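Asks: Chain by chain, the residues run as shown.
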Amino acid sequence: MRVPLSWLSEYVDLRIDARELAHRLTVAGAEVSAIEEAGSWDGIVIARVEKVEPHPNADRLVLATVDIGDGTDAEVVCGAPNLQEGQKVAYAGIGTSLIDGYEGKPFVLKKAKIRGVESNGMICSEKELGLSENHTGILVLPEDSVVGQPLSSAVGDTILDVEVTANRADWLSIIGIAREVAALTDQRWRDPSLQYTEGKKLASKMARVEIADKDLCPRYIGAVIEGVKVGESPPWMQERLIAAGMRPINNIVDITNYVMLEVGQPLHAFDYDKVRGKKIVVRRAERGEKIKLLDGSKHRLTQDMLLICDGEGPTAVAGVMGGGDSEVSARTTTILLEAANFSGPSVRRTSQALKIRTDASTRFEKGLSRQLPAVGAARAVKLMTEICGGRPAQGLIDVFPGTEKDRRVTLTMERLERVLGLEVPNGEVRRILTSLGFTCRWLPPDRFIVKVPYWRTDVSIADDVIEEIARIYGYDQLPTSRLKGEVPDYVPVPILDLRERVRDAAAAAGLQEVITYSMTELEPMEHVLGPEELAMNPPLRLANPLSRQYEWARTTLRHSVLQALAGNLRGSQDRIGLFEVDRVYLPRVAELPEEREMLCAVIAGRAPDRWGSPTGDLPGFYDARAILDSVLDALKVKGEYKESVDFALLPGRSSEVFVGEDRAGCLGEVHPRVLGQLGIDVPVAILELDIGALLPHVPEGIHHQPVSPFPAVEEDLAVTVDEAVLAGNVAAAIESSPLVVSARVFDIYTGEQIPRGRKSLAFAITYQAPDRTLSDGDVAKQRGRIVERLKHEFNAELRA
Amino acid sequence: MSTETDVISGLEAAALRELGAVSDAAALEEWRVAFLGRKGRVTLLLRSLPELPMEQRRDVGARGNALKRRLDEELELRKQALESRRIEEVISDRVDVTLPGPPIPRGRLHPITQTLRDMLGVFKGMGFHAVEGPEVEWDHYNFEALRIPPDHPARDMWDTIWIDYEKDGRRPMLLRTHTSPNQVRFMEQHEPPIRIVVPGRCYRFEATDATHEWMLTQIEGLAVDKGISLTDLKGTLAAFARRIFGQDRQVTFRCSYFPFVEPGMEVSIDCFICRGEGCRTCGHVGWIEILGAGMVHPDILMSMGYDTDIYTGFAFGVGIERIAMLRYGVDDIRHFYSNDLRFLRQF
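Top to bottom, those sequences are chains V and S. For the first sequence, our numbering begins at 2 and goes up steadily by one. For the second sequence, our numbering begins at 20 and goes up steadily by one.
The set of hints was computed from the structure by calculation and includes no laboratory data. The structure displayed is predicted, hence computed values, not measured ones. Any given hint could be a false lead.
Here are the simulated SDA-like cross-link-like pairs (lysine to any residue), alpha carbons at most 20 Å apart as the crow flies [claimed, not checked]:
{"hint": "1", "chain 1": "S", "residue 1": "143", "chain 2": "V", "residue 2": "356"}
{"hint": "2", "chain 1": "S", "residue 1": "143", "chain 2": "V", "residue 2": "489"}
{"hint": "3", "chain 1": "S", "residue 1": "245", "chain 2": "V", "residue 2": "419"}
{"hint": "4", "chain 1": "V", "residue 1": "128", "chain 2": "V", "residue 2": "37"}
{"hint": "5", "chain 1": "S", "residue 1": "186", "chain 2": "V", "residue 2": "419"}
{"hint": "6", "chain 1": "V", "residue 1": "792", "chain 2": "V", "residue 2": "710"}
{"hint": "7", "chain 1": "V", "residue 1": "356", "chain 2": "S", "residue 2": "80"}
{"hint": "8", "chain 1": "S", "residue 1": "143", "chain 2": "V", "residue 2": "497"}
{"hint": "9", "chain 1": "S", "residue 1": "186", "chain 2": "V", "residue 2": "493"}
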């Protein structure tokens with residue numbers, strides 16, 4: 002809402018400057034997003050034309066001597082036909098920024114000789130000042146303008162741009178802002194006059210109004226004005242409309258717009274002679290009904306849209322826009338004025354469906370008072386009488402099936418103090434509410450009965466009234482305090498804690514966290530997930546994605562993290578490790594999707610040497626494994642790795658990891674096919690962890706194991722097994738044997754001395770007992786058992 | 020002189036000769052084992068004393084023990100000499116203190132994660148526990164239960180991305196536009212007193228520019244109890260702002276509208292670039308808006324079955340990206356999710 006201060010000042014005195022006013026309005030809830038100065042004329046002052054003499058070298062130019070108020074005169078060359086001695090004019094000194102009168106572009110005024118005579122500045126036209134397009138002559142200022150004062154003291158305006166919140170339809174009017182300013186500066190506002198003299202002809206005899214759908218149209222006022230002369234509206238009205246952001250059209254339409262801006266009631270003027278059957282019917286549209294609107298657009302309507310019809314058919318979409326057929330034209334002499342109240346939700350639904358937002362619809366959808374049409378109608382009729390020479394018919398055609406009851410709210414002082422945390426004196430409560438137009442009646446011992454003014458459709462309960470008191474009192478004036486009550490019991494959210502531990506563990510493993518968009522394209526998902534996986538969890542699609550790039554709710558993090566990697570490779574050889582911990586969205590029938598917390602990490606680039614230079618060491622399966630082990634170790638869970646086949650990973654170089662019975666993730670080397678599709682030309686190792694699957698296996702705390710004070714015995718053991726046997730499984734078998742605290746693979750060998758199809762595995766085994774020093778015999782006995790067990794389980798032979 | 024004493028003299032000479040040839044710690048240990056170890060020559064000699072005739076035993080015993088003492092001393096001296104020689108060698112190989120060590124990869128958390136954690140930490144200190152809710156949400160929780168029915172003009176405050184799923188001719192599923200649905204979700208399951216913060220991802224159907232992202236992160240706060248007032252809300256938010264942005268921060272509150280709170284407010288801090296004078300960062304107003312808040316609307320408490328004559332509450336929602344931009348001086352919100360390592364490695 003654009004609020005020109007010159008207009009605002011008609012209803013309330015402006016006792017503080019624009020900046021302060023904007024600040025107070027903002028703090029009170031009417032956010033001023035911009036203060037626009039119409040013309041910021043630095044260096045332009047009011048001057049008086051002292052003398053006009055002919056130019057020696059040019060017939061159409063004159064030399065003007067102007068008093069510029071600082072005790073000196075300036076001699077200026079001027080070509081304006083309307084220049085006369087004694088005029089007060091706008092004088093621009095050398096160095097001033099102006100707008101070129103011919104080209105319309107900004108320029109800086111320089112000292113110049115015009116036809117041989119030096120011009121010391123310039124007397125400006127409206128166009129040069131950016132006030133209008135007028136360049137036929139200079140701007141002549143009112144006689145009482147003070148010489149030497151800045152030009153802005155005589156002309157120009159300041160416009161506040163107010164962001165009106167959805168609850169305050171009343172602020173979409175100048176009078177609404179005036180009421181606010183009045184309350185904030187402790188004065189009364191002045192309502193515009195609604196007085197006019199009615200004619201003898203009865204309006205109710207000239208037209209009929211019928212509301213068929215009262216639920217969507219609680220009130221409809223029709224006013225008839227005869228004998229209007231359609232033409233341009235007066236300059237003051239045009240100026241105000243332009244300043245408020247509207248285009249003047251003709252005096253009738255301008256008055257409807259002016260009154261809408263002034264008091265907030267949208268109006269519509271029909272050419273009475275074009276209203277067929279002299280009858281207005283307000284009804285829902287019929288299926289398939291069509292209308293052509295003022296802006297020339299054609300629409301097919303649906304049955305939930307409200308129409309204004311005449312005797313034969315639709316003439317307007319209620320509260321949104323009028324139709325072209327009954328438009329006011331230069332030949333119009335009689336007006337049928339509509340001032341109605343329509344249901345907010347209905348207007349909003351219709352305006353959205355038709356994709357038409359108008360000044361009327363934005364007001365209706367916020368919910369207007371049913372008493373406002375009477376104000377709007379009277380004000381418009383008055384102006385049409387005064388400006389267009391109209392003769393109003395007697396009375397209004399006012400169809401108001403339901404009435405609007407006065408709203409009264411009970412406000413107890415106890416509630417006020419409970420909500421605000423502060424005791425506000427009764428007198429202060431009354432002062433604030435009265436200043437806003439509320440009426441207060443004290444009901445001893447402890448409450449006010451507050452009558453809400455009709456325009457405050459947003460106030461219906463005590464807490465609404467409390468906000469009024471708080472915001473005018475000033476939120477900043479309220480004290481601050483600390484929460485006093487007991488701290489509620491802790492609500493454990495284990496997945497949240499675990500997820501953050503995973504983040505820390507991944508970062509501790511040397512990876513950089515990334516956060517990528519969770520809505521993605523489908524295609525890259527198809528690169529990293531196999532058809533079965535996609536079929537099992539078909540991604541959710543967005544109905545109105547911001548772009549095709551963000552159309553699907555991802556069911557994997559893989560492509561996102563790989564894409565983040567691709568964006569960072571930039572031909573660099575250096576090792577990069579990235580991870581993301583985020584949700585994937587797995588659809589469920591007729592339910593919200595499952596949002597599963599996942600970890601995905603990737604490693605690419607060559608490992609650094611001692612100096613940080615890239616070596617030849619490219620990442621592979623075991624690099625991913627090392628990170629995954631490190632993360633799992635941080636969570637105190639043990640992963641069990643099994644060979645797997647994965648659509649996106651290289652066969653033979655990929656694995657699943659199980660924790661207990663649950664598949665918790667996977668890892669491996671990304672298939673070059675996938676890398677190629679994502680524009681990556683270096684090997685990448687990847688790992689993925691389902692944090693939710695991990696959750697039941699993560700121990701809640703750490704249970705300390707006493708450290709054995711007895712010496713450990715370390716020895717090596719080498720066996721041969723079939724090549725297909727997995728070393729980790731053999732190590733696990735050794736490790737689960739009594740007295741063994743760890744078994745670590747340290748050599749895998751095939752070749753000389755090893756039979757074909759077999760391989761040698763060497764383990765470093767640590768034996769230790771918690772309660773005694775192991776003897777050679779203890780160890781030998783256990784070693785023998787292990788060898789037996791390996792022979793039995795893995796067909797392993799002890800190497801000599 | 021007996022044979023035994025000759026043996027002792029010979030042993031001594033041999034031990035000292037061999038010790039003289041020892042040049043490192045390993046050889047010294049070998050020497051120790053050979054002469055003084057469990058099966059060392061001196062040890063064996065002393066152990067053989069009981070087998071000697073009585074008259075020799077005393078003399079040999081004394082000389083043998085003297086030898087052992089001498090060799091122990093020599094061993095210690097040698098050890099010290101070797102150690103000081105080794106240290107000298109180490110010292111003589113000077114390091115260049117200006118050179119770096121071998122690289123250790125250091126992982127980092129995303130600046131949004133870091134900021135989120137810091138913020139949650141501040142609220143935790145005030146007794147607020149973190150809970151979470153779904154990002155794909157029902158219209159019911161995102162809007163209707165928050166007093167924003169269909170066709171309510173306040174829906175314009177949250178341009179919505181909808182899920183392509185229709186039921187009864189309507190689209191009931193959406194990407195949540197704020198974390199506020201969790202106020203209702205939590206209250207449905209719990210009784211006052213309540214103090215929670217709900218971090219989470221939100222989405223807006225909004226063109227991106229330097230200060231707007233369609234994907235954003237918020238923290239919702241909710242406190243419901245007996246005797247919670249607007250001054251408590253002010254105190255809580257002022258304390259938060261000062262903890263995150265510094266103790267000398269000015270905090271200002273202004274009236275604003277959100278359908279699920281009454282009274283409602285927006286909170287700003289004084290611009291730390293210009294200190295309230297007005298500059299580019301604050302859009303020339305001197306203040307930077309950081310969050311929206313208010314007293315939980317009594318309709319909502321009532322619909323949760325709480326007695327509004329007893330319980331009041333406050334709620335707030337704060338955008339993490341904006342806070343991170345302000346605290347790190349990031350001038351374009353799009354940096355956060357472009358994942359350029361040159362950006363991320365600064366945090």
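Asks: Compare the structure with each hint and give your call.
Replies: Status of each hint after checking the structure:
1. 143(S) with 356(V): 46 Å, violated
2. 143(S) with 489(V): 12 Å, holds
3. 245(S) with 419(V): The given pair, whose Cα atoms are some 9 Å apart, holds under the 20 Å limit.
4. 128(V) with 37(V): Status holds; Cα separation ~18 Å.
5. 186(S) with 419(V): 43 Å, violated
6. 792(V) with 710(V): 33 Å, violated
7. 356(V) with 80(S): The given pair, whose Cα atoms are some 116 Å apart, is violated under the 20 Å limit.
8. 143(S) with 497(V): 14 Å, holds
9. 186(S) with 493(V): Judged against 20 Å, a Cα distance of about 35 Å means the pair is violated.
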